[in-house]
Every structure is written in structure tokens, then in C-alpha cells.
Amino acid sequence: MKIKFYKHNIVYIFTSITFFFAVKTNLYSQTLEIVINPNKNFQKIKGFGASDAWRCQFVGLNWPDEKKEKMAELLFSQELDDEGNPKGIGLSFWRFYIGAGTSEQRKNSDIKNEWRRAESFVDADGNYDWSKQKGQQWFLEKAKSYGVENFLAFSISAPVHWTLNGKGYNSDLKSGRINLRKDKFDDYASFMVQFLKYFDTQGISFDYLSPINEPQWEWEKKTQEGTPATNKNVLEITKLVNNYIEKNDLSTQIVITEAADLRFLYSNHGKSSRGNQIDYFFNDNVNIKNLDRTITGHSYFTTWPVENLIAVRQNLNKELNKYPNLDYWQSEFCILEKNDDVNGGPKRDLGMATALYVARVMHADLTLANASSWQWWTAITNANYKDGLIYLDTGNKDDMYNLNSLKFDGNFHESKLLWAFGNYSKFIRPGMIRVETSSNNKLSLKEQYQNVMHSTYLNPKTSELTTVVINYSDEDEKINFKNLNIDKMYVTSSDKNLEKVSINKNDDLVIKAKSVNTIIGYLKK
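Using the working numbering, the first residue of the sequence shown is number 54, and each one after it goes up by one.
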């Protein structure tokens with residue numbers, strides 16, 4: 054009897070497993086039907102960008118012309134090659150880092166890694182030297198020559214000779230206290246506007262200035278420039294900068310607050326004097342002429358698990374909706390937090406795992422929080438870390454990241470992240486509008502974020518529609534656009550770098566597993 058009962062169990066278990074896989078296969082083999090509604094609009098896109106922070110200073114200054122020209126093409130070019138493939142990812146935002154002078158201090162800066170120091174345009178006597186940050190200026194000029202639409206300058210510390218401790222980092226550890234002498238607030242504001250004024254005379258008008266970055270952190274570690282600041286500090290500096298912009302008749306708009314964590318935008322998140330920033334800066338009591346009606350924040354530490362990725366952005370959007378015409382930009386991100394999909398920040402990844410992870414974060418910020426701009430942290434990295442679009446190394450397996458030799462030359466590598474980012478940045482241009490898409494997908498939102506995600510953007514000038522489809526799953530998926538005449542499709546996958554692929558307009562599209570896809574077309578009449 055025992056043997057017979059055991060066999061019956063085997064039959065039952067086998068039948069159950071067979072049924073499970075039949076249901077699953079049926080679920081994922083059905084064609085995903087997508088309908089685009091261009092009449093329901095969401096946010097207008099401002100652009101996609103990255104920063105020159107740290108690494109561009111040496112690459113732009115010292116590297117061979119042929120190599121740095123190629124890197125600039127990868128970042129900024131909007132052109133296609135002879136086969137119709139993009140030459141670059143066509144960034145429409147470029148962030149220029151205004152240094153605090155730790156480079157001039159050298160070892161006395163206490164920042165051991167010179168790649169994480171920066172020069173300052175002003176010295177302790179108030180003299181300006183516009184030849185500083187020459188390597189960054191090289192990339193800035195290239196961005197302009199390629200037609201980048203938006204330029205933003207950002208500062209994360211006042212020049213060291215004006216700080217409380219004479220350093221670019223905060224050693225005081227009085228929570229939230231800005232590392233800036235009280236008698237130098239005005240000088241700091243004037244300095245940033247002098248920067249804007251100079252480059253305006255050189256034909257590069259900065260559209261935006263971000264005067265404070267991630268004020269919620271204490272910045273006590275001797276690893277880079279940075280300062281904490283309270284909301285009151287940020288508001289005071291913003292008002293001073295605004296006054297100098299007006300006096301100099303500049304068109305630059307101020308953007309704040311580069312929150313270190315999105316939760317600081319809509320809650321205290323444990324720091325009452327540095328949280329609830331949407332309400333603090335955009336209530337009816339704050340009226341600053343040149344303050345752009347945009348709140349900026351960083352997606353760090355809010356992307357895992359998937360439930361958190363979704364909930365934080367839903368909460369942010371709920372708060373944003375209380376303030377009419379208030380834009381949100383995700384203005385800085387790279388991989389920091391530990392997670393099951395790519396582990397965490399350490400160890401670079403040139404492959405699809407990190408590319409997909411970041412693409413999903415972009416999708417969440419764009420569709421759940423209605424971000425009108427999405428900006429990556431640093432365009433070029435020399436570190437063994439998931440923080441760059443282009444990666445540098447020596448080519449020597451025994452000494453891959455030699456800081457001294459990489460100052461002058463080395464190898465550079467395109468990452469899948471670069472090209473997956475390009476699925477958005479190359480084709481979703483400033484002025485395009487995200488529109489509604491719906492589908493027959495019966496999965497929960499969490500399940501969608503582990504399978505297929507899609508969002509669509511309208512070019513109001515041409516009526517062209519651009520849809521980005523992310524397939525996070527391990528299985529190919531079929532998609533049918535019910536009301537779209539498809540013209541072009543570009544794919545980033547394990548074997549493709551934003552490559553144009555041939556399509557049969559009469560067939561369903563096959564979206565390859567682990568891929569990011571851009572589909573372009575026009576509404577069916």
C-alpha cells in the first residue's frame with residue numbers, strides 16, 4: 054500500500070507541474086497588445102544627460118585626440134552611420150562640475166585620490182583663472198559642437214578658502230551645518246554667477262545652475278568634495294544667487310535641491326531640517342524670480358527591492374501633484390545599493406545586467422514619478438565600479454586601474470549601459486511628450502517590472518511616436534502595436550549596441566529576452 058500511494062503522489066505531482074508550466078507558457082506566449090493614446094499627455098521631456106565629474110578633467114586634458122574625440126562622439130553624437138546605426142547616444146543634457154580647489158591643495162586636501170579632487174576658478178585672493186578645469190572645458194566645447202541642448206553647472210562645495218575648515222569636505226560633524234563661513238555666503242553666490250557670466254561671453258550659456266548637491270549627507274569622509282546644508286541654507290544661497298543673476302542680466306535658471314534620496318523630497322526621512330523639500334521650496338511663501346519650477350532628486354537607495362522602487366515613486370508623484378506645474382528631474386544616479394540583480398556598486402559591468410537594472414529605474418522615474426529629465430552620474434569612469442557609461446583601464450590585467458598612468462592614456466570601453474541609456478537619450482528628444490499606452494497585460498505592476506515594461510513619447514512637431522520596451526525576463530516576448538505603423542526599431546542586447554534591426558511591418562515584433570528596444574512609427578489612420 055505504501056508503494057502504491059507513493060506512485061500516486063508521483064503522478065499527482067507530475068500532473069501539477071505539467072499544469073503549472075502549461076499555464077506559465079500560455080501566459081507568456083500570448084502576444085502583448087499595446088494601444089497608444091496620444092491624446093492623453095503626461096510630462097514634457099527636458100532631456101537625458103550625464104556629468105563630467107572628476108574623470109573628464111584628465112581625459113580631456115591629456116588623452117590622445119583620437120581617443121577622446123571618439124568618447125565625445127559616443128556621448129554626444131546624434132548622427133547615424135552608413136548602416137543606419139547611431140554613432141553615439143546623443144545626450145541632450147551636459148552637467149559641468151564647478152570645482153572647489155582641492156586639486157590645488159594636493160595632499161593637504163586630505164582627499165587621497167586625485168581623480169576625485171577638482172580645481173577652482175577663484176583663489177584665496179579673489180583672483181579668477183579661467184584656464185582651470187581645462188579638461189572639463191574640452192568636453193564642454195565638444196558638447197556644444199555636437200548640439201547638446203541643455204547645459205547645467207553644479208557645485209557641491211564652496212571654494213576651500215571660504216569653508217569653515219579650509220577643506221572641500223566637512224570635518225565639523227555638526228549635523229546639517231554647511232561648511233561655509235557666514236561672511237562668505239555672498240562671495241560664494243557671486244563666484245557661481247561670475248562663472249556663468251564668463252562662459253556666457255564664450256558662447257556657452259548655462260541654462261541651469263545647481264548651487265547645492267545632496268545636502269542631506271554629512272560629507273565627513275575624506276573621499277571627495279561636498280558639504281551638508283539645511284533647507285534654510287539652501288534658500289539663503291538661492292536668493293543670493295538669484296540677485297546676482299538679475300544684476301548681471303543672465304537667463305540662467307536655478308534648480309534645487311539635488312536631494313540625496315527621493316524620500317527627502319516628500320518626507321523628513323529622519324532629517325527634519327533637510328527634508329520635505331517640495332513643500333519647503335515650492336509653497337506659496339517662496340517667490341524667487343530665477344528659481345526654476347523644478348525639484349531635483351537622486352534615485353540612490355530607492356531602487357531595491359522592486360516594491361520599494363515602485364512605492365517611493367508613487368509617493369513622490371502623489372506629493373508633486375499637490376503643486377501645480379512643478380517638474381521633477383532625476384538628476385543623478387549610479388549603482389550604489391546592494392541588490393539581487395547586479396549585487397551592488399563594486400566591480401564594473403560592461404554587460405546587460407547593469408544596463409537592464411538602470412533601464413528599469415529610468416522607466417520607473419519616467420512613468421511613475423513623471424520625471425521630465427533623467428541624468429546619469431558620471432559619463433566616464435576610471436574605477437572598478439558601476440558608475441560610468443564609458444570605462445577606462447590600462448589594459449594591464451595586473452594593474453588595470455593605475456591612477457597615474459590613466460591620467461595620460463589607456464583603453465576605453467563602451468558599456469551596454471551606454472547604449473541602453475541611448476535607447477532613451479538618442480530618440481526621446483527635448484520637447485517630446487510622454488503619452489498614455491495601455492495593453493492586455495494582466496500582470497501586477499511588480500510582475501511587469503520583472504518582465505516587460507513600455508512607455509511612449511510623442512514628437513508634437515512631426516507626430517512621430519517613440520516607444521521604449523524593456524524585456525527584463527529570460528524569455529522572448531511577442532508584441533503587437535494595435536494602432537502604430539512601425540517605421541524603425543533599435544535594439545540593445547547581449548549582441549547588439551543600439552542596432553537598427555529589420556522588421557516585417559505585418560508581423561508581431563519579437564522582443565528578445567534581456568533587451569532594451571526603441572520602436573518608432575506613426576499612428577494608424
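Just so you know, the hints here were simulated from the structure itself, not pulled from any lab data.
Think of the CB as a built atom: it goes at the ideal place given N, C-alpha and C, for glycine as much as any other residue.
You may find that some hints are simply not true.
[Claimed, not checked] No farther apart than 20 Å at their CA atoms in a straight line, the calculated lysine to aspartate or glutamate pairs in the EDC-like style are these:
| no. | residue 1 | residue 2 |
| --- | --- | --- |
| 1 | Lys553 | Asp134 |
| 2 | Lys565 | Asp540 |
| 3 | Lys275 | Glu289 |
| 4 | Lys375 | Asp337 |
[As the list claims (entries may be wrong)] For each label pair, taking beta carbons as the anchor points, the in silico distance ranges come out as:
| no. | residue 1 | residue 2 | range |
| --- | --- | --- | --- |
| 5 | Asp561 | Asn166 | 46 to 52 Å |
| 6 | Ser516 | Phe461 | 48 to 54 Å |
| 7 | Lys371 | Asp135 | 47 to 53 Å |
| 8 | Leu498 | Asp135 | 24 to 30 Å |
| 9 | Asn536 | Lys400 | 40 to 46 Å |
| 10 | Lys227 | Ala364 | 46 to 52 Å |
| 11 | Asn166 | Ser547 | 43 to 49 Å |
Here's how the hints hold up against the structure:
Our distance criterion of 20 Å between C-alpha atoms is met by Lys553 and Asp134, whose separation comes to about 11 Å. A C-alpha spacing of about 19 Å is found between Lys565 and Asp540, which places the hinted pair at or below 20 Å, so the restraint holds. With a CA separation close to 27 Å, the supplied pair Lys275 and Glu289 exceeds the 20 Å bound. Taking the CA atoms of Lys375 and Asp337, the gap is near 12 Å; set against the 20 Å cutoff, the hint holds.
Here the CB-CB span from Asp561 to Asn166 is close to 51 Å, well matched to the stated 46 to 52 Å. For Ser516 and Phe461, the Cβ-Cβ distance of about 49 Å falls inside the hinted range of 48 to 54 Å, so the restraint holds. The hinted window of 47 to 53 Å between Lys371 and Asp135 holds, with their beta carbons roughly 48 Å apart. Checked against the hint of 24 to 30 Å, the C-beta distance between Leu498 and Asp135 comes to roughly 42 Å, which is inconsistent with it.
Separated by about 44 Å at the C-beta atoms, Asn536 and Lys400 satisfy the suggested range of 40 to 46 Å. Take Lys227 and Ala364: their Cβ atoms lie about 33 Å apart, and the range 46 to 52 Å is violated. Checked against the hint of 43 to 49 Å, the C-beta distance between Asn166 and Ser547 comes to roughly 33 Å, which is inconsistent with it.
In this structure, the earlier hints numbered 3, 8, 10 and 11 are contradicted, and the remaining ones agree with it.
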